[in-house]
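Trainee: One-letter residues, chain by chain:
Protein chains: 2
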Amino acid sequence: MTQKRIAIIGAGPSGMAALRAFESAEKAGAEVPEIVCYEKQGDWGGQWNYSWRTGIDQYGEPVHSSMYRNLWSNGPKEALEFAEYTFDEHFGRPISSYPPREVLWDYIDGRVRQSEAKSKVRFATAVRWVQFHEDTETFTVTVEDLRSKQTTAATFDHVIVATGHFSFPNVPDVPGIETFPGTLHHAHDFRGAEKLADKRVLLIGASYSAEDIGVQAYKMGARSVTMSYRSRPQGYDWPEGMEELPGIQEIQGQTVHFSNGEVREFDAIVLCTGYLHKYPFLPTELALESPNNIYPDHLYRGVIWQKNPRLSYLGAQDQWFTFNMFDAQAWYVRDLILGRAELPSERERAEHMQSWRNRFMALETDADDVQFQADYIQDLIEATDYPMFDLDEVVKTFLDWKKDKKANILTYRDKQHRSVMTGTMAAKHHTRWLHELDDSLERYLGAPKEDEMRSRFEADDADEDIERLPLQERIQR
Amino acid sequence: MTQKRIAIIGAGPSGMAALRAFESAEKAGAEVPEIVCYEKQGDWGGQWNYSWRTGIDQYGEPVHSSMYRNLWSNGPKEALEFAEYTFDEHFGRPISSYPPREVLWDYIDGRVRQSEAKSKVRFATAVRWVQFHEDTETFTVTVEDLRSKQTTAATFDHVIVATGHFSFPNVPDVPGIETFPGTLHHAHDFRGAEKLADKRVLLIGASYSAEDIGVQAYKMGARSVTMSYRSRPQGYDWPEGMEELPGIQEIQGQTVHFSNGEVREFDAIVLCTGYLHKYPFLPTELALESPNNIYPDHLYRGVIWQKNPRLSYLGAQDQWFTFNMFDAQAWYVRDLILGRAELPSERERAEHMQSWRNRFMALETDADDVQFQADYIQDLIEATDYPMFDLDEVVKTFLDWKKDKKANILTYRDKQHRSVMTGTMAAKHHTRWLHELDDSLERYLGAPKEDEMRSRFEADDADEDIERLPLQERIQR
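Those protein sequence lines, which keep their order, are chains V and C.
Going by the numbering used here, the first residue of the first sequence is number 659, and it counts up by one from there.
Going by the numbering used here, the first residue of the second sequence is number 659, and it counts up by one from there.
Each hint should be verified, as a subset may be incorrect.
Note that identical chains are pooled: a pair holds if it fits in a single copy or bridges any two copies.
[Said to hold, decoys possible] In silico DSS-like links for lysine-lysine, alpha-carbon gap of 27 Å or less:
| hint | residue 1 | residue 2 |
| --- | --- | --- |
| 1 | Lys662 | Lys1061 |
| 2 | Lys965 | Lys807 |
| 3 | Lys877 | Lys857 |
| 4 | Lys1060 | Lys776 |
| 5 | Lys1060 | Lys965 |
| 6 | Lys1054 | Lys778 |
| 7 | Lys807 | Lys778 |
Keep in mind that the hints were calculated from the coordinates and are not lab data.
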């Protein structure tokens, strides 16, 4: 019998989890299939592989990453920690709970940096078309090497789609938006808030992008930040200079009319309107079509394409949990492919899906959501040899995080959480997030100068109103 | 015998020329093949179909058009006029030589607006993959209806690629560009210069994009405009506030170091670095790979793919001539498909190509280039029933245009040229280009208010120094 062949599409956190899952089995003595991972970018890390480019990349391909220069984790790192490669193992000492992107990239890279995994990735290679052949039950995957411009086709027994769903911006039309003369783009093309200094900024949207680009803009000295919501406001206790308004009725040049009758002028608009599930390389019968939610339909156990179980998706859900959820998914898909786990019948899968979908449809609060996703992950891990961890404790971490944000959206990143993997309490970081204008790994891991420490932490948490001063005054303190 | 089937990919000016070519034969009584034209956008017109969107469109597809709000033709309309549908026929009266984009879109739309052509176009449909079958000598074209997300495949005898090559930006890396905190994008994503008012603007590049975005930025009140050239400066007599500098050594934040030692600070950078030939839907053996020049290799008579003459390209050349050249190409490809013209043997084609390539390689001046392209078009028209026109006279129009630009880059659009198709002299426009801030069709075709006329044309050409005043003063005059 010839060796099975597996294609992994994408080498972001999900694709890397799949590579690691197979590697882990191989190291434990199992015989694993031949794996080829196709990655459009020049390095792995997906979203975490920052690029200054926007729109179209150097090869004429849509830029994948929506990452911006000064992004810091907006959830506690303790909630995304790998169960089998901890932050302690990687950094050798406690770090803070909300590291910047370069630090997180270093962590996910670190787990597989020394392994054979990277040799299985064809970088700068775009998947053009995937076709399934009923007769042979195989896929033809046609790819283009973007450097040589050569297209080639190869045959695989399984395809794992790990391209993510935060790369193709959802860009709705807004009445009159074509008349707006200022800076205008989607959050996907946002690379840093420096240029928003002294600008009147409108963010259209009320989810994570609006929240974080909003506080970034505030941090970098925007003259004002207005966030427009469709269904409900985010409801944080915004500092002076930030506000929420309802939907937009019309844009006329620089002037924006809101549905409650308010009128404002703006210099810049960022569309924080979410992302599309988009798989331009898949025919309709293989392509997931779903809004961004935590239990997309047609995926058994959130990963197996019901109509064709030789196809699976990693990370296709909306995400409270991230890296460790991708691990659980990857381990499970691996075990199915290796024959360690058994694929239930189509009918059993349908019933299982329906019961989880029913539960999903009944979810009401964010707390329900988090618990649901925790239970989902537990269910997956129980079917594999991935190290189980205290998911209920992570749910509590999420709820603490939400409380911290509610208390102060500008300081929640200065809080510490405890790892459920190691019991380690996060370090208090040397500089408050709002004061830190350098997000490099070097600066993050380095020791701050003493006078910085003094001036920045003297007031400490008791005097958080410092955060509410204008940029220049904040920096001078 | 079953009817032949033709796929046209793209309904921009080239694809529309192909539709018109077949329609013209059909109206004259010929039996024509079944034609399906796939167009990614929601309407035809290609580049001329302006969209406020940048980067990725509402369907998650790369935005096609590089058009900006205030683009006015940068060459005389008399050089691009259709020989079989004149400006006089469309507008019913003389108009100026340099109309804005909406006026030009109206002209190309007008030729086919009333015809059956539009019913052959599948709008909002992206071509995903094209495959040629040696045995049947047919193509399978797989497309996605972007609205329904349905993918389908169809068989064709010929494929005409008319997707253009000014849609996928060429975005080189520049040392340190990732540290630049200001507005940064490629000309492809430029939509209007209003937001450059009062900004120090750097344009990287020295071709049409840099030239025109440069004068747009000047017109809209940029504080300064610096253009960086690699090989040679554009060399126009720039007004105060515009300058040319050589290549960039390094960017450090807002500070840019040029190779001659000059240092400047900027608030905005636009990469005017050209476009890629990019056909992500074609396998290597069918995909043209070429720099942007006026005689790409491997295309017999500039249109027929030498390795597989069932595939052709329209408008794949760099362009002095545009709309009427696309017509000549489309008429010739049509006549080959209809069997009215005979395809020479592979060897004859190779020899023909080589002789033109040799001549192309020997071209030295812009005037040589224009004459070469005129001769190329003449050669095509002679093989078809497209109305011949005085190409040598159009060459003279191009040379006059170049002289006008050299004399004053800010006023060349106020000059008039004569149509070689109708003998009509262009109208003097009611408002000077530099004064006109409204580029709508309505405003362009409407009569100006009397006092505007007086204040704007009193000084007339004798006093062109008015153009060199700052924006506010210019507008007040």
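Trainee: All hints, please: hold or fail.
Mentor: Structure-based check of all given hints:
no.	hint	verdict
1	Lys662 x Lys1061	neither (48 Å within a copy, 67 Å between copies)
2	Lys965 x Lys807	between (33 Å within a copy, 17 Å between copies)
3	Lys877 x Lys857	both (12 Å within a copy, 22 Å between copies)
4	Lys1060 x Lys776	neither (36 Å within a copy, 54 Å between copies)
5	Lys1060 x Lys965	neither (38 Å within a copy, 62 Å between copies)
6	Lys1054 x Lys778	neither (38 Å within a copy, 59 Å between copies)
7	Lys807 x Lys778	within (20 Å within a copy, 32 Å between copies)
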